[in-house]
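Colleague: Sequence:
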Amino acid sequence: MRRILPFIFALLIVAAAVPRAQADNDRVAIFHSISVAEGEQVQNAVCIFCSIRIEGAVHENAVAIFGTIRSNGPIEQNAVSILGGISLGQEAHVGQNCVAVLGSVRPYSSGQVGQNVVEIPFGIVFIPIFLFVGIIYLIRTLVWRARAPYPMPPPPPRS
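Quick note: our numbering has the sequence shown finishing at residue 159, numbered continuously throughout.
No wet-lab data here; the hints were simulated from the structure. There may be inaccurate statements among the hints.
Ranges between beta-carbon positions, derived for each pair [claimed, not checked]:
| hint | residue 1 | residue 2 | range |
| --- | --- | --- | --- |
| 1 | Ile124 | Pro6 | 29 to 35 Å |
| 2 | Leu138 | Asn25 | 55 to 61 Å |
| 3 | Val125 | Val14 | 23 to 29 Å |
Predicted model, so just to flag it, every value in this text is computed and none were measured. Just so it is clear, CB atoms sit at the ideal spot from N, CA and C, and this is done for glycine as well.
Let's have the full structure, built from the sequences with the hints guiding it.
Modeller: And the structure:
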């Protein structure tokens, strides 16, 4: 029972936060994609394990974790995608920054992003892993090189 209590507590916190976010004209979804229709306006759109499709307007931020953002409408502040991509259509505009962590940003044309476009590629995750494996291999090679090989065992005794 004690092992399940933290999970239940976290679930209650998330469940309490979602209705409040809806009341502020925010869209928050987990495992369910968000769609902002043309002519519709929202403050923030936050999606975990799903995607965000924007045809209307987002007045603040659009954030997708383990999902993609496809926009054909304005995002007035930031667009952030973690482990997913950001695709901007012809009518899309991001007011400030467009960030894709372990994903890509695909704008329709230049000038659609107000300040910075930041892409952290997937390959950058492997650099520390390769360094760690290389150091371990180097240590192993130097340690095993110093040891002499075992001599050949003596022949069995004759009877």
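Colleague: Each hint should be assessed against the structure and marked as holding or not.
Modeller: Each hint, compared with the structure:
1. Ile124 to Pro6: 29 to 35 Å: Because 32 Å falls inside the window, the suggested range holds.
2. Leu138 to Asn25: 55 to 61 Å: holds, 56 Å
3. Val125 to Val14: 23 to 29 Å: Holds, at about 27 Å.
Of the numbered hints stated above, none is contradicted by the structure.
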